[in-house]
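S.K.: Sequence:
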Amino acid sequence: MKKILALILSIGISVASFANMINYVSNQESESLLINTKHTGAIKDIMSDSKFIFTAGTDGRLKIWDINTLAIVKDIKVTPYSIQKIEIAPETSQILIMISAGSNNNFLTLWDWQSEKMIFQHRLGERPLQFSFSPKNDMIVYSTADMNSLRFLDAKSGNRLYNIQTSLGLISHYMINDVQTVI
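Number 64 in my numbering belongs to position 64 of the sequence shown; there are no gaps in the numbering.
Among these hints, one or two may not hold up.
[To be verified] Below 25 Å or equal to it, Euclidean Cα-Cα: the simulated DMTMM-like pairs (lysine to aspartate or glutamate) are:
| id | residue 1 | residue 2 |
| --- | --- | --- |
| 1 | Lys117 | Glu87 |
| 2 | Lys117 | Glu91 |
| 3 | Lys77 | Asp146 |
| 4 | Lys74 | Glu91 |
| 5 | Lys74 | Glu126 |
| 6 | Lys85 | Asp112 |
| 7 | Lys77 | Glu126 |
| 8 | Lys51 | Glu126 |
| 9 | Lys117 | Asp146 |
The hints are simulated quantities; they were obtained by calculation from the structure and are not laboratory data.
Hey, can you work out the whole structure from these sequences and the hints?
M.R.: Structure below.
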């Protein structure tokens, strides 16, 4: 219970607002916490910004919650497959969604969650080790488990941007500086 409350507070939800989502059950034999997520399967990822909480689940749905009231603002059926991970583009209504349709059948899709429209879909094959928006939100960067693992996509079209000729090796984690000159 303490870990859940710490998570709630770390993403900025007030305990009073969160109380609207939970049922706390306690008896002599067990103690449990039931969270009403409105997902029909497991939640695979949760993120927040200053106004919203984003949840993604195995039910293929992206749900956007008002951070103050915990009311669902949007409920978007993204895919019939499982959403594995999400990444929010700062100060925009774009969200990057990683979908898994099987072991080597994974996709990155970029959505405008306010209009509920997919901008593009990029087939990956295997799951990426990491993916993110660049600091200026003009590129999507992801890494894979191969010797030329760092990939760059245009955030508007999904087209591959750079073809790095030199093998950089296996990159499982990267950071990009604010002016996008150093990785």
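S.K.: Out of the numbered hints, which ones does the structure contradict?
M.R.: Of the numbered hints given earlier, those the structure breaks are 3, 5, 8 and 9, listed in rising order.
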